[in-house]
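Enquirer: So the sequences go chain by chain: A and B.
This note's numbering applies: residue 431 is where the first sequence begins, and numbers increase by one.
This note's numbering applies: residue 431 is where the second sequence begins, and numbers increase by one.
It is worth saying that the hints were derived from the structure and are not from the lab.
Be a bit skeptical, because a hint or two may be false.
[Said to hold, decoys possible] Chain B regions said to be covered by chain A (calculated; three or more residues, Cβ under 8 Å): (1) 489–497; (2) 506–517; (3) 531–539.
[To be verified] Listed next, with one range per pair, are the computed distances between beta-carbon atoms: (4) ARG477/A - ALA509/B: 19 to 29 Å; (5) GLN511/A - ALA480/B: 22 to 32 Å; (6) ASN448/A - ASP510/B: 21 to 31 Å; (7) GLN511/B - GLU540/A: 41 to 51 Å; (8) LEU545/B - ARG530/A: 16 to 26 Å; (9) SER466/B - GLN470/A: 43 to 53 Å; (10) ALA525/B - PRO483/A: 45 to 55 Å; (11) ALA449/B - PHE488/A: 11 to 21 Å; (12) HIS523/B - LYS544/A: 20 to 30 Å; (13) LEU545/B - ALA475/A: 11 to 21 Å; (14) LYS478/A - ALA481/B: 21 to 31 Å; (15) GLN528/B - PRO483/A: 46 to 56 Å; (16) GLN470/A - ALA449/B: 42 to 52 Å; (17) ALA481/B - ARG530/A: 20 to 30 Å.
[As the list claims (entries may be wrong)] Derived pair list, reagent style DSS-like, types lysine-lysine, alpha-carbon separation capped at 27 Å: (18) LYS499/A - LYS459/B; (19) LYS459/B - LYS533/A; (20) LYS487/B - LYS496/A; (21) LYS497/B - LYS544/A; (22) LYS492/A - LYS533/B; (23) LYS492/B - LYS497/A; (24) LYS492/B - LYS459/A; (25) LYS461/B - LYS487/A; (26) LYS478/B - LYS459/A; (27) LYS499/B - LYS496/A; (28) LYS487/A - LYS533/B; (29) LYS461/B - LYS516/A; (30) LYS516/A - LYS499/A; (31) LYS496/B - LYS544/A; (32) LYS492/B - LYS533/A; (33) LYS487/B - LYS497/A; (34) LYS478/A - LYS544/B; (35) LYS487/B - LYS499/A; (36) LYS544/A - LYS533/B; (37) LYS533/B - LYS461/A; (38) LYS492/A - LYS492/B; (39) LYS487/B - LYS533/A; (40) LYS478/A - LYS459/B.
Keep in mind that this is a model prediction, so the values were computed, not measured.
Note that beta-carbon positions come from the ideal geometry of N, C-alpha and C, so glycine has one too.
2 protein chains.
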Amino acid sequence: MGLILSILLCQFTMAQSNATRIRHMVVFKLKHPGGSAEEQNFLNAIRKLAAIPGVEKFECMKQISKKNKYDFGLSMEFADQQAYDKYNNHPDHIAFVQNRWLKEVDDFLEIDFKLLE
Amino acid sequence: MGLILSILLCQFTMAQSNATRIRHMVVFKLKHPGGSAEEQNFLNAIRKLAAIPGVEKFECMKQISKKNKYDFGLSMEFADQQAYDKYNNHPDHIAFVQNRWLKEVDDFLEIDFKLLE
């Protein structure tokens, strides 16, 4: 009975978690020339956002389609809106936006997803 | 020696696989009203693209950010450019684009990613 209860609770938690889960993405292009030290420095800095509590499945990617104007992408997941809000309001995130993002990013698009069943 | 060779080969294959892997995404909005039967019919049809050979990690998602104009997103992965090209040229994909996508999609943006190490 204990095992069955555990399995049921686990499935309930997973179902609940997926229902509230948010995948946050941003595609962007930098002011820096492609392949420059400044570009690499920015990409190294942006990866540190992964350490902010609540951030899951952090990915930093190269955007390679010629059908849009962006060169890079970030993807991360949050368990729910509360975790996403905490990330947005975290001092490390706010400092990154103020000190790096607003100064070095030329253009960007934010995209947030919920998985459809 | 057999085991070690197998492990090394597996690691090589995985490394190679990640280096060539492409995540293809598209965000889009439909001409149909939100919550309509036509919208649901389109979403049911688009999910069938998952059955085309080479398509991995297929996801159909609701786009929820108010910072862009799109309502839905698709994400899928291909082992390499050859698998991606095969999908693009597959008769089921071409038929879907001709018969559904071009007629029912109001606006969209395609994004392709390679994971940065």
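Enquirer: If you test the structure against every hint from before, which numbers come out violated?
Expert: Hints 2, 3, 7, 14, 16, 17, 19, 22, 25, 26, 28, 29, 30, 32, 37, 39, 40 are the ones this structure does not satisfy, whereas the remaining hints hold.
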